[in-house]
Every structure is written in C-alpha cells, then in structure tokens.
Amino acid sequence: MSLELMKGNEAVAEAAVRAGVVAYFGYPITPQTELLEYMARRMPELGRAFVQAESELGAINMVYGAACTGHRVMSSSSSPGVSLMMEGISYIAATEIPMVLVDVMRGGPGLGDIAPAQGDYYQIVKGGGHGDYRTIVLAPASVQESVDMTVLAFDLAEKYRCIVFVLSDGSIGQMMEPCELPPMQPLKTSFPDWAVNGAEGREKRVLTSINLDPQGQEDMNFRLLERWQEVEANEVRYKEYFMEDAEYVVAGFGSSGRIALSAVRAARAEGIKVGLIRPITLSPFPKQVFANLPDRIKGMLVVEMNAGQMLEDILVNTQSRIPTEFFARLAGIVPYPDEVLNEIHRMVEGPIPTEGHPRDRWLKRALAERSRS
Amino acid sequence: MPLKGRIDVNEKYCKGCELCVSSCPQEVLALATDHINAKGYHPAVMVAEGCTGCGICSIVCPEAAITVFREKSGASRIPA
Amino acid sequence: MAINELEMDTLVYQRPEALADIPTHYCPGCTHGVANRLIAEVIDEMGIREKAIGVASVGCSVFTYNYLDIDFVQGAHGRAPAMATGVKRVLPERVVFTYQGDGDLASIGTAEIVHAATRGENITVFFVNNGNYAMTGGQMAPTSLPGQKTTSSPNGRDVETQGYPVRVSEMFATIDGASYIVRRSLHDAKSIRQAKKAIRMAFETQVRGLGFSMVELLSICPTNWGMKPLDAVSWLEEKMIPYYPLGDYKVHPALAEIKL
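Residue numbers (this note's numbering), protein chains in the order written: chain A, 1 to 373; chain B, 1001 to 1080; chain C, 2001 to 2260.
Misleading hints may appear alongside valid ones.
Stated by the list, open to error - Listed below are the simulated DMTMM-like cross-link pairs for lysine to aspartate or glutamate, each with C-alpha atoms no more than 20 Å apart in a straight line:
#	chain 1	residue 1	chain 2	residue 2
1	B	Lys1012	C	Asp2021
2	A	Lys364	A	Glu339
3	C	Lys2051	A	Glu200
For the record, the hints were derived by calculation from the structure and aren't laboratory data.
Excised from the complex, chain A in its bound form (with noise of 0.2 Å):
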C-alpha cells in the first residue's frame, strides 16, 4: 500500500486514468485548472485523448460524441463552467449514455470567486438542465475519497448509463494529501450494444435525444425513472461518526461534512452526545437515514456552505419530526470547526424551536452577527 502526497484536482485526474478513460475535454477555470493541465499532460503520454475546447460548451458535446462512442470519457469544470454545460448534460442524460463529470465547486452565483463553496447542490443533484432526469452525485471530502469516488463514478456511470457527477470544492481540489491510488486498470475492448462506432458487420445504430413522437420521448422518460429506480435501491452511500448512542446530530457533504465531524469530536471530547451524518452520494439521498433517525435525537444542525440547499432534502425526510437548525457560510467562504462547534452548543443548550424555518432562523442571526460588526 504506497501512499503518493498529491493535489485533490491532479489525484481525481490520475485516478481517473487509472480507471481506463479514454478521452478528457475540457477548458480551464479556477478552481480546477490542474486537473485539465494534468490531463494535457498524461492523456498523449499514454496515447489517449485530450483537447482544450473552445469553451465549456464545447467541452461538453466532445464528451457527448466520445461518450456516444461507449468509450470512458469525462469532462471536469467549475460552478461557471457547469452553467455553461447544462445544456449538454440534458442531452447526454436523455441519450441515455455514460459519462463522468467533475464539479469543483466554487462561490457564486454569476462569476463569483475561486474560493470554496458549496453552492451548486440544487443545480447538480436536482438536475440543472432542462426536462426530467436524475444523475448519481458522489461528494467527496478527502483526497482519497476524489480517488476512490472518481473510479467508482466511470463504473456506476457505465452500469446505470447514467451521469455521475463528482461534486468537489476548491478546497478538496486544491489541497495535498497522502492518497493510495488505484492499480492501473486496462481499456476497455468490448462495447455496448448501443455504442455508434461505425456499422461494421451490423446494421447502423443512431443514437438521439429527439423524439418528435411524443409517445417515443415519453417511453423513454420512462425508461429514465425505471432505472433511476434500481440506483435508488442499489447505490445509497453514506458515513456515519458516532452515531450509536447520540442524542444530537449533525449533518453535512463534503467540506463541510468534514468541518463538522471535527466540531463533533471537540464536542464528545467535552462529553456531548452528537453524531455526525455524511452522505456520500447527494443523488440518490440517504433518504432512510433521515427518515429513520432514533427517537432519541433530540435536535439536527445542518452545517452548508450554501444557503440551505441539502436542508431541504433533509427536511422533508425528516417530516419535521426532529426540531432543527441551520448554519452555513457562503460564497467562498469556509467555516472553522469551533463556529460548528459554537452552534452544538447553542443547540444543546437549546431549546431549538420547532416553528419557522432553520434557514430563516440563521439569516436572522447572521444579519444581526453582520451589522454587530
């Protein structure tokens, strides 16, 4: 087991040459430029393909032909730049076709700042293109988890004929750690039924978005849920952190799963009972996790750096049944341990109201924290 010190953005993009994929399209933008500059790199010393598109735009429908192909491709960007690829991501998931996407998130709206955030949560699990699809959502908080959720990503995106998004931040993008990488997986030989490759042998394939039939999109949207259906039986991930006997939790993706978990510790440390929940995959949602909580969770603070995006997801499986609070630090700007730690406390100490909502509830508090200073 050799550990190799590596940048989040360069150990997504080896991984995911380990993982045998074959082109990468992209264009820079911060916070995620390496990953693109690293592929430049690696992608023609190993014979396979790169291009720095014209844009993001462009970048997104070279996926869209390559992925056409059944070959392993991906592209990677940041909040900007996925905007700009709504449109492909649309098409990609109603063609029904594999594809592997790294987001790595950064402050917005509009252009923003190349600073980490969380902000793009609705946009990527909710589906930010046009019409009724789902993509798989891998957040990861670590290096290692980049590495590991890249290589799991081109595996479910093949076996669902799905998109799976890697949603990162600039913070898991730029940071080195020790990671283990994964043996270096060879290319792919054999090709779906389904793949456009050139009709050698066989009749000729198209692969489309367009039915002008209604009935025809429909039975494909159709086909769309079904298979959304298994990866909701299937492919639920999450972590858990002191859980057993909690009587307090907190939840969090990400960077700012990560944050929390170390608040949660200072906490036990001081002797409070609170746990963390992370999910691993935002689509699908550990629904049940939430659903099921104990009746002895006496309060949930949910920790984003959003305004209140997977709150909501959070909310409705929990059917207000747990009384509630919200903390987050937007645009950029990252939360330290002991301002999670500060709003353990304050739940604790309690009592946490059950009317109104935890998002306006912080608004107000950090209105009032704002005009203090």
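Starting from the structure of chain A, add chains B and C where the hints point.
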C-alpha cells in the same frame, strides 16, 4: 443514330417539384396530369420519345426517385 | 420488336445503396435531398459505409440520420463540430462528418465550427446554405442577403440594424488548420456534378489525414423563399451566387495531385 434511353420514376418518392422536367435537354418529361401518388403529388412521367439516357434528370432529382437506363449501343439495330 | 428491352439496357443511374429506402420529409424541390444523395453516392463509391459516422445537427437537416444507412449521432444546435471532434478523437480511423445548416453552423455554432477548423480536426463538414432558418419557418439567418425578406426581417434585411451576411468559406480560408474549403451549388446538373466531386475530395482530405475539410453548398429553399422550385433555382443563380461566389477557397497542396 442517337442513343435511346428510358427512365423509371419511383412514384413513392416523387414530389412533383419539376426540376427534372425543366432540366431534361430532350424535354421528354412532364408532371402527370392523369394521376397523383399517395401523397397527392403529380409525379414526373415520360411524355415523349427522345430520351437519350443522359441521366441529367437523376442528377437534379432531390429524392433520388429516378432510375436511368440506356440501350447498349447497337441493340436497336439487332433485328427481331 | 421482340427484343426484351430490359435485358438490352445499361443501367446508367439508380438510387445509391447508402441512401435509405425512405421518402424524405424535405419539401418538394429542396436540395437537402440532393446533398444527402450525393453524400450517399460518395459513401458507396469510397466503400466507407462501415467506417462512416455522421453527426446530425438541428434544422431541416435534423433527420439526415434516417436517410443515410450509416451510424449517426445527434448533436445539440450548433455543437456538431464539437461532437464530431469527440467522436474522431476516440475513433481516429472512422470517417466522421457533420451536416449543418446556416443557423447551426453560422449562428449558434460559430465558436464550435471555427475552433474545429483552427484545431485542424480531421473531420469533414457539409454546410448547407439556403439563406434562412427553414425548419422554424423562414427567419433571417446570418446568410440571408441584404434586402432579403424573411419572417424576422419582414421589410427586407436592413444592414444598418440587422448587420451583413457572413461569407463562411472566405472566412475559413484564412484559418491555418483548414485544408479544404470550397463553395459549390446544387441548383443545376453542372453545379451538382461539381458538388459531388467536392464532397469526394473533402472525404479524401479526411481519409488522407490532411486536416479539416468543409464544403459549403448553396441550396434552394422553395417553401421559405415563397417560390416554386424552378423559380428558386433562378433566384439562387441571380442573387446568391454573386454574393457567395462558387470556387475553391483553400486547397491543401497534396489534394491537387488527386484526379477525380
């Protein structure tokens, strides 16, 4: 003797656009006046002698509806 | 006469194999049908049916994949050159081409087509120029002529407020990555014969690894020009060709040796 030719217009495809009619150097084509095809178009038909099998109609036809034949040279001189 | 005429006849021309036995959705007289047929003929002649992969675009061209008996993928509006890049980069031995109209190539897709050419992508592009957005009902296109009436320039294209038409072949001749840039027309037998040679030459450019090839094909659109096909042919000759002269705008030296 000029070569003789003939054409077949596949009425399934013809849309009565008349591009072949106007392109034919021998002016042997016209749109049928006595029948229409399944889509309601008057298909092109040969209405006169003089086709040389030049193939110009098949070149301009947007629907590839026309098959062109030319007599093998000398065939018309073989006695019955 | 007792001679069986059928046995004595030489077949001069029949529908190409690579053209599917399906009536097209194109309007009567629309030269998309001619372009599709010529591409099918060249695919037959070059024997590349099993190697060809078409990238369909959006417009009247959108159903081209129904008419050619080869593998096809469907792109988003304007994105076909990017999609073709994706396909060709992972399958370099295949013959990859796009088939695009004015809006797709010269409006929404301008970035994608220019960069496919500047990168010298070894793909082939067929650009069908009929001076309007036909599928959506005849709006003004970047290729509509000054004074041309369309549904979004009802008083005729006013260059003051609606700009000038774009001459795609001339622009692309300036790009180093482009290897075969020509403009042909589909309005009469002579021009169609020359168009077919250009289509063949464009595929030869790709097959010989010489770089980016594009054939601009001036086409009639009787429905949206509001004319019978025969009148549309005259309009193309009298109005479009002076603005969009036919010719070879860039030809890689290695192509000059090929005799067709």
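Each hint tested on the structure:
no.	hint	result
1	B:Lys1012 with C:Asp2021	10 Å, holds
2	A:Lys364 with A:Glu339	16 Å, holds
3	C:Lys2051 with A:Glu200	7 Å, holds
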